[in-house]
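> Sequence:
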Amino acid sequence: MTIFKKLRNVLAFVIVGVLSVFLLFMYSTKKTSHQFVKNGGFKRIYKQAPVKYIGSKKIFSGFSQIAGYYKEGIYTYSKQNNLALYTDVTSAIDTISIALPAKSTTIANDCIFRNDTLYYFDSNSGKYHVFKIVNRRLKVIDSAKTAPSSFNPIVLDQTDILCKNFYKNSPTFEIVIYKKGIKAVESPKLFNDGIKLTDDGRILPYKNGFIYLCYFKNTILWLDKNLRLQFKSNTIDTVQNVPAVERISGTARYTYKTQPIFVNRYGQVVKDKLYVLSSLLADNDKKVSFTDTTILDVYDLLNKRNYLYSYKIPLPRLHSPASGFSFVGQQLYIILLNGYICVFK
Numbered sequence: 001m002t003i004f005k006k007l008r009n010v011l012a013f014v015i016v017g018v019l020s021v022f023l024l025f026m027y028s029t030k031k032t033s034h035q036f037v038k039n040g041g042f043k044r045i046y047k048q049a050p051v052k053y054i055g056s057k058k059i060f061s062g063f064s065q066i067a068g069y070y071k072e073g074i075y076t077y078s079k080q081n082n083l084a085l086y087t088d089v090t091s092a093i094d095t096i097s098i099a100l101p102a103k104s105t106t107i108a109n110d111c112i113f114r115n116d117t118l119y120y121f122d123s124n125s126g127k128y129h130v131f132k133i134v135n136r137r138l139k140v141i142d143s144a145k146t147a148p149s150s151f152n153p154i155v156l157d158q159t160d161i162l163c164k165n166f167y168k169n170s171p172t173f174e175i176v177i178y179k180k181g182i183k184a185v186e187s188p189k190l191f192n193d194g195i196k197l198t199d200d201g202r203i204l205p206y207k208n209g210f211i212y213l214c215y216f217k218n219t220i221l222w223l224d225k226n227l228r229l230q231f232k233s234n235t236i237d238t239v240q241n242v243p244a245v246e247r248i249s250g251t252a253r254y255t256y257k258t259q260p261i262f263v264n265r266y267g268q269v270v271k272d273k274l275y276v277l278s279s280l281l282a283d284n285d286k287k288v289s290f291t292d293t294t295i296l297d298v299y300d301l302l303n304k305r306n307y308l309y310s311y312k313i314p315l316p317r318l319h320s321p322a323s324g325f326s327f328v329g330q331q332l333y334i335i336l337l338n339g340y341i342c343v344f345k
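Residues in the sequence shown are numbered from 1 upward in steps of one, following full-length UniProt numbering.
One or more of the hints may lead you astray.
The list that follows gives simulated cross-link-like pairs (lysine to aspartate or glutamate, EDC-like), each with its CA atoms no further than 20 angstroms apart [unchecked claim]:
1. 71 x 94
2. 132 x 122
3. 207 x 246
The set of hints was computed from the structure by calculation and includes no laboratory data.
All chains, full assembly: derive it from the sequences and hints.
Okay, structure coming up:
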């Protein structure tokens, strides 16, 4: 009996051990699957990036954003520094400083440059002002045009402005085109429940309409000139979840509960192709770090309207991921979150 008891105890121990290993495996698989949704679930097709690194330069002490381009250079501006810079590579990485209007530090205000003209949007007054850049100074050429409650405006031409307007007491907004200061086009229902903060995205003019690239989920919309939905597609990642939204106490405005994670941080249309700055790693990106590599996913806008391939662009050791990029002429400019600009030919 003693021997049988010992055998029974050993057998029980083995069974418990096997079950423990099985449960641990199941937990690990589940955990991996959960993490898989965040960064994996897809593979990229890589092509050799046809670029040559020229150099980099610290242009701001912190976060800056691309505000436009002119000839072979780009405009960037920093609300923290109340300053805009024009950067080109005619002989070296040269920058020209332009002092912005005093209220440009307000987070809701925007600056957009088109060639040698600045369009400054004042969220408090609901107006925008137009300045000509003359010898690094701003000369007022037009002021107090209407663009009420707008954010993320786009200058379509000298008199037409596209922007997003929040509905009162709601986390939803509309997309509007103003012609000579008058509301001319309003967006129809692009999503099931209107356009929410969680549906926010970058709007890019394309041919006679627009491309709407969602920031927080894998959605691309083709819109006509009247902002009507023509076609819907997806980016290659697997993200469907969106950030939570809450009302700002004591106000009629809404914001994100936590800092949202960008799926598609930035995009640009070049010659019937959409270039997207991705913030997610694919299954075949295991040794990639966004602090030393920028990944641009490329999509066909003209024919099949699908994913084509990706470029993996090595960054200098500046210990910061990219926040934006711009193809201008023969240059590729990449803006880093820590205030550096990297230039590629």
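> All the hints need checking, so say for each whether the structure fits it.
Here is what the structure says about each hint:
no. : hint      : verdict
1   : 71 x 94   : 14 angstroms, holds
2   : 132 x 122 : 17 angstroms, holds
3   : 207 x 246 : 36 angstroms, violated
Against the hints set out earlier in the document, a violation occurs for number 3 only.
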